[in-house]
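K.L.:
Based on the provided sequences and hints, a complete structural model is requested.
Numbering-wise, the sequence shown is residues 1 to 489 according to this note's numbering.
Where hints are given, some of them may not hold.
To be verified - Subject to a maximum C-alpha distance of 35 Å in a straight line, what follows is the list of computed DSBU-like cross-link-like pairs (lysine-lysine): (1) K182 / K311; (2) K231 / K279; (3) K182 / K79; (4) K279 / K232; (5) K350 / K367; (6) K246 / K308; (7) K267 / K246; (8) K350 / K418; (9) K118 / K412; (10) K323 / K183; (11) K183 / K232; (12) K118 / K418; (13) K79 / K323; (14) K308 / K232; (15) K102 / K183; (16) K118 / K154; (17) K55 / K183; (18) K182 / K203.
As the list claims (entries may be wrong) - Quick list of simulated restraints, FRET-style, between CB atoms: (19) L234 / E484: 42 to 50 Å; (20) W173 / K417: 47 to 55 Å; (21) G335 / A46: 41 to 49 Å; (22) Y283 / V434: 20 to 28 Å.
I should point out that these hints are in silico values taken from the structure, not numbers from a laboratory. Glycine included, each C-beta is placed from N, C-alpha and C at the ideal position.
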Amino acid sequence: MGSMEKPITDYDMIIVGAGISGINAGYRVQTELPNYSYTILENRSAIGGTWDLFKYPGIRSDSDLHTFGFPWRPWAEPKAIADGAAIKNYVQESAEIYGIDKKIQFHHKLLAADWSSKEQRWSLTVDAAGLETIFTARFVILSTGYYDYNEPLKASIPGLDNFTGQVIHPQFWPTDLDYTGKKLVVIGSGATAITLMPNLADKAGSVTMLQRSPTYVMALPAVDPTGSWFKKWLPNRLAFKIVRWKFLILPFLFFKFCRAFPNAARKIIRRRTEPLLPKGMSYDPNFTPRYNPWEQRLCICPDGDFFKALKKGNANVVTDNIKTVTETGILTDNGTTLDADIIITATGLKMQMAGGAALSIDGIPLKIADKYLWQGMMLQEVPNLAFVIGYTNASWTLGADTTALHVCRLLKYMDSKKIAAATPQVSEREGLKVEPVLNLNSTYIEKAKGQLPKAGDRAPWKGRNNYLMDHWVASHGVLVRELELTKAN
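P.N.:
Structure representation (structure tokens):
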């Protein structure tokens, strides 16, 4: 009888999650650390993460793909703001071209991870297609995203159980839903609601976006005209670089402008938005948020599709609080009755770190919210583990790539010095003030404060909000500041 080959479960590097962050990390590891063995553990059956999970009408990026795409494989499509299917295809193609897909183990869900100081390795308990399996690794990158894939953020909507129609959360959109001619109410005002409105209006009888508080919405061209010009007249490689730098710098400068001069930013957004509204629709109160621009994420609508939907006549915005949900619709505080066949609760995502896995050090459970985050990626007092957290004011992938590059550089240094473990340690805790790790006051972020790690008010514990600076630090900055380095046992 022939012997069966045992599956490999021990690696130099284990990446958890095969979304855009995990694929990027895989590319950086195999490029920067070619002698490392690595694998990507993916809970689901496909590459893509968010872009494979979400199926709601019009699902698209709310960042430009020139910076949301991989720096090592430029986004070549004309549309800077792309739909979910195109993004998923791009991520999958990128993984296949560079052989990263061969490293993925699907239906592998991380349940727990424990660091052994004696072994100087991580032990990962994994549900491998129903079979509990132990994997081990020297270093772990958690590319698990920032929200719960299985449960949405629960919104307190009075009387929702009274409703006899269908209630849908966009995260779990039924692919067979036929809403042709139906009356729809979308509760929420964030990027998901702004995306849903124009797409639902194409088929629905009526669509009303019911918002407690408005969001800043700006119309931008789906196809960047200057980018098209550069690609027409310059070599591809140069054109891609120029376009990427444009999308790196201009949005960042606008973010800084909004934070420094909020009143001027309000006026600019208003001047750009008012001409796009249908006749008879007032800018106040439907487009005047209670907060300043970029205190929450600014919503983008490609080619002004959101405003075009409002002009069709079957789409509307109502700014009011919900008094109660009835059997047939919603009654607001101001006495407005919104009839509905379907209510869509676009109320945000339930934030979650490490994909819900339990983390521990030598068997002692770890509470993530008690820890500071070193260089926006490694937890205080936790060896050889990196979280991928993107930017709130820029494309998520920029933060993911900064993390991957920083980790690879750190591991090269550790190898050169024969170091087994690197552990962030706060040197002067008394002088370190707590700051939020994500610098927005959005509802779903506020509700997740007990789950997210902390940022500090000084380096290397400050939260990330400047990609250019963070990328420089990752590539050239002081590498071992406030790191405890442990030689091999």
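K.L.:
Is the hinted pair K182 and K79 satisfied, with a Cα-Cα distance of at most 35 Å?
P.N.:
The given pair, whose Cα atoms are some 31 Å apart, holds under the 35 Å limit.
K.L.:
Please work out if K350 and K367 have their alpha carbons no farther apart than 35 Å.
P.N.:
18 Å, holds
K.L.:
K231 and K279 were given as a pair; does the straight-line alpha-carbon distance stay at or below 35 Å?
P.N.:
38 Å, violated
K.L.:
Going straight from one Cα to the other, do K118 and K412 come out at no more than 35 Å?
P.N.:
22 Å, holds
K.L.:
CA of K79 to CA of K323, is that 35 Å or under?
P.N.:
Roughly 41 Å separates the two Cα atoms, so the pair is violated.
K.L.:
Keeping to a limit of 35 Å between CA atoms, is the pair of K279 and K232 held or broken?
P.N.:
It is violated: about 39 Å lies between the C-alpha atoms, which goes past 35 Å.
K.L.:
Do the alpha carbons of K323 and K183 lie within 35 Å of each other, as the hint requires?
P.N.:
19 Å, holds
K.L.:
Against the 35 Å threshold, does the CA-CA distance of K267 and K246 hold or violate the hint?
P.N.:
24 Å, holds
K.L.:
Take the C-alpha atoms of K246 and K308, compute the straight-line distance between them, and say whether it is at most 35 Å.
P.N.:
With Cα atoms ~27 Å apart, K246 and K308 stay inside 35 Å; holds.
K.L.:
Mind checking the alpha carbons of K308 and K232 for me, to see if they're no more than 35 Å apart?
P.N.:
30 Å, holds
K.L.:
Do the alpha carbons of K118 and K154 lie within 35 Å of each other, as the hint requires?
P.N.:
Given pair K118, K154 is violated - Cα atoms ~42 Å apart, limit 35 Å.
K.L.:
Has the given pair, K182 with K311, been kept, meaning a C-alpha gap of at most 35 Å?
P.N.:
Holds - the C-alpha atoms of K311 and K182 are around 19 Å apart, at most 35 Å.
Going through the hint list in order, the structure does not satisfy hints 2, 4, 8, 11, 13, 15, 16 and 22.
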